[in-house]
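Asker: Sequence:
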Amino acid sequence: MRTLCASTLIGEFFVIGFAGLVAMKGDLSAATVWTVCGIGMLLSVLLCGMLSRPGAVQTGWALQIGLIASGFVVTEMFILGAVFAALWWASVHYGRQIDEAKARWAAHAEAQASAGPDAA
Numbered sequence: 530m531r532t533l534c535a536s537t538l539i540g541e542f543f544v545i546g547f548a549g550l551v552a553m554k555g556d557l558s559a560a561t562v563w564t565v566c567g568i569g570m571l572l573s574v575l576l577c578g579m580l581s582r583p584g585a586v587q588t589g590w591a592l593q594i595g596l597i598a599s600g601f602v603v604t605e606m607f608i609l610g611a612v613f614a615a616l617w618w619a620s621v622h623y624g625r626q627i628d629e630a631k632a633r634w635a636a637h638a639e640a641q642a643s644a645g646p647d648a649a
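Using the working numbering, the letters of the sequence shown correspond one by one to residues 530 to 649.
Keep in mind that a hint or two might mislead.
What the hints assert, rightly or not - As a list, the in silico SDA-like pairs of lysine to any residue whose alpha-carbon atoms are at most 25 Å apart:
| id | residue 1 | residue 2 |
| --- | --- | --- |
| 1 | K631 | A585 |
| 2 | K554 | T532 |
| 3 | K554 | A611 |
| 4 | K554 | A598 |
| 5 | K631 | V621 |
| 6 | K554 | L572 |
| 7 | K631 | T532 |
| 8 | K631 | S536 |
| 9 | K554 | S536 |
| 10 | K554 | F542 |
| 11 | K631 | A615 |
| 12 | K554 | L580 |
| 13 | K631 | C577 |
| 14 | K631 | A644 |
| 15 | K554 | G600 |
| 16 | K631 | A642 |
| 17 | K631 | L580 |
Hints are computed from structural coordinates only; laboratory data are not their basis.
Please model the entire structure based on the sequences and the hints provided.
Answerer: Printed below as a string of structure tokens:
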């Protein structure tokens, strides 16, 4: 799950940065745009380092909700936040399924190895 979630967060980092560049062409000041986008980018990178800690998934959800809420300042973030929340859900959901499958395969391989070469 960590790999899938980290990939999502790094993708969010870059997309938020590019969204900030696009949002600056509107009527918002550069300081406003980069405050909102910069906080989102910083939190995305920091969360990548926290993925192995307890509560990381919940913190990721808080980030996604914050990104949606940042749409009140930078309107484009409503859409991006919703897309990111969907990607976060998929990363967590499918990442857990992948982790379970990897654990089953490892247990099966360990059982075969401990049974010896004649067990095949």
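Asker: Work down the list of hints and note, for each, if the structure agrees.
Answerer: Hints versus structure:
no. : hint           : verdict
1   : K631 with A585 : holds (21 Å)
2   : K554 with T532 : violated (34 Å)
3   : K554 with A611 : holds (22 Å)
4   : K554 with A598 : holds (21 Å)
5   : K631 with V621 : holds (15 Å)
6   : K554 with L572 : holds (24 Å)
7   : K631 with T532 : holds (13 Å)
8   : K631 with S536 : holds (18 Å)
9   : K554 with S536 : violated (28 Å)
10  : K554 with F542 : holds (20 Å)
11  : K631 with A615 : holds (24 Å)
12  : K554 with L580 : violated (34 Å)
13  : K631 with C577 : holds (21 Å)
14  : K631 with A644 : holds (20 Å)
15  : K554 with G600 : holds (16 Å)
16  : K631 with A642 : holds (16 Å)
17  : K631 with L580 : holds (18 Å)
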